[in-house]
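Under our numbering, the first residue of the sequence shown carries the number 1216, and numbering increases by one thereafter.
The hints are simulated quantities; they were obtained by calculation from the structure and are not laboratory data. Virtual Cβ for every residue (Gly too), placed ideally from N, Cα, C. Among the hints, a few may not be true.
For each label pair, taking beta carbons as the anchor points, the in silico distance ranges come out as [to be verified]:
| no. | residue 1 | residue 2 | range |
| --- | --- | --- | --- |
| 1 | 1252 | 1392 | 47 to 53 Å |
| 2 | 1580 | 1390 | 45 to 51 Å |
| 3 | 1394 | 1527 | 35 to 41 Å |
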Amino acid sequence: MLRFPTVPALRRRAERWAASPRALDVVAALSAFALMLLDVPGLARGDNSLTGATATLVLAAGASTLALRRRAPWVPYLVALGLMGWLHEVTLIQFALYSIGRFRGRRAAVAATLLYIGVAYGYFLTPGWPVQHGATLSDFLSLVVPIGVLAAGVGIAAHRHDLVRALEVQRREAAARQAVQEERIQVGRDVHDLVGRELTVLAVRAEVLAVRARGDAHQKDFEELADTARRAHLMLNETLVRRADREGATPGLEGLADLAEESERMGSPVELDVAEEVKALSPLRQTAVYRVVQECLTNAAKHAPGLPVRVVIGVAGPDLWIEVRNPLPGTPPDRAPVSTGTGLVSMDERVASMGGTLTAGEKDAAYAVRAVLPSGLPT
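Could you put together the complete structure from these sequences and hints?
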C-alpha cells in the first residue's frame, strides 16, 4: 500500500531544503538567468546566429553552472569568460566573481579579477570588436573594470562575514562543551561532598565501635566495616579528582547545627559561635559558609579524631569571616586517613569565586582555617 507524505511533512521538507546551501545556489542560478533574459532580444538581433529560443537555452546553460559555485566556482567563471567574448554578456561574470570571492577567499578573488580584466581587455583589442560594437576604452574603464572589482569585493566581504559567523558558532560550541564539562565537575563535587562525608562518618563510627567492642566477638566485624568504608572512600577519591557542588542543593546556616551534632557523634565536640548579623546573609553566602564548615569538620574528623573543634562565624565591617580551629593531635592516627588533598583547593576556589581569601595552617598548637569574603550586607 502506497503512503504519501502528509502536508506538514512536505512543508518541513520544503523548509529544510529552502534553508540548505543547495537551494541558495539554485536561487543564485535562477537570479542570474532572469537578469540575462533581458538581453535575449538583443542577442537574437545580433550577429551570432542565435534566435530568441536558442539564446535563451545558451544563457540557461551558462546560468546553471552557478549550481557548482560552492564546490567548483571556477566552472561558472570560465563559462562566463566565454559568454563575455561570444555574446558580450557580463551578467554571469559578476555572479562568478562574487562566488569565487565568497567561497575561495581574497587571494583567489583578486587573481580571478585580474584575469577577468586581462581577458576583457584582450577582447577589447580584438580587431573589429570595438568598431563593430561601438566600444571605446572609456567604456571599458568605466564599465567592465568596476563590474569585476565590485563583484569580487562583495564576495570577499561575504567570505569574511562567513568566517566570523563560523568563529561565533565554534565559540558557542566550545562554550556548550565547557558548560557540560563544568556540569560534570559539579556532579563529581556533589558526590564527593555528600557520599564522601558519609563514608568518613561511617569509617570513624565503625572505629569507635571497634574500640568499644574490644575483646568482643564483634570487634573484627567493626574493623572490617571501617576498612570497607575507607576503601570505598579511596575509590571515590580516585574517580573524582575535583569537587564542588550545586549551590541550590546545599543547606545554609540552618544546617550548621546538624553538622555539629554529627561531628559530636563521631567523638569530636563542636563549639559553634555564630554572630547574629550572619543570619542576614544571602542564601549564596550561607551556602559558602556551610560548605567551608562542612569540609573543615570532615578534615578534623580525618586528621584529628576525638579532639574538640571551635567554629566562629562573624561579620566585621564589609567582611564575613569564618574560622575553624582544632588542636593538633599528640600522636598521628593509627591509620592514615583517606584524602586526595583537594578539600582546601575546593574551599579556596569557592571563596575566591566570591571575592574572598582563605588561609589554612598550624598556629599555636592548633590547625586553623580562616576564610574572609565580602558579606554583601549594608554597612
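Verification of the hints:
no., hint, verdict
1, 1252 with 1392: 47 to 53 Å, "50 Å, holds"
2, 1580 with 1390: 45 to 51 Å, "49 Å, holds"
3, 1394 with 1527: 35 to 41 Å, "37 Å, holds"
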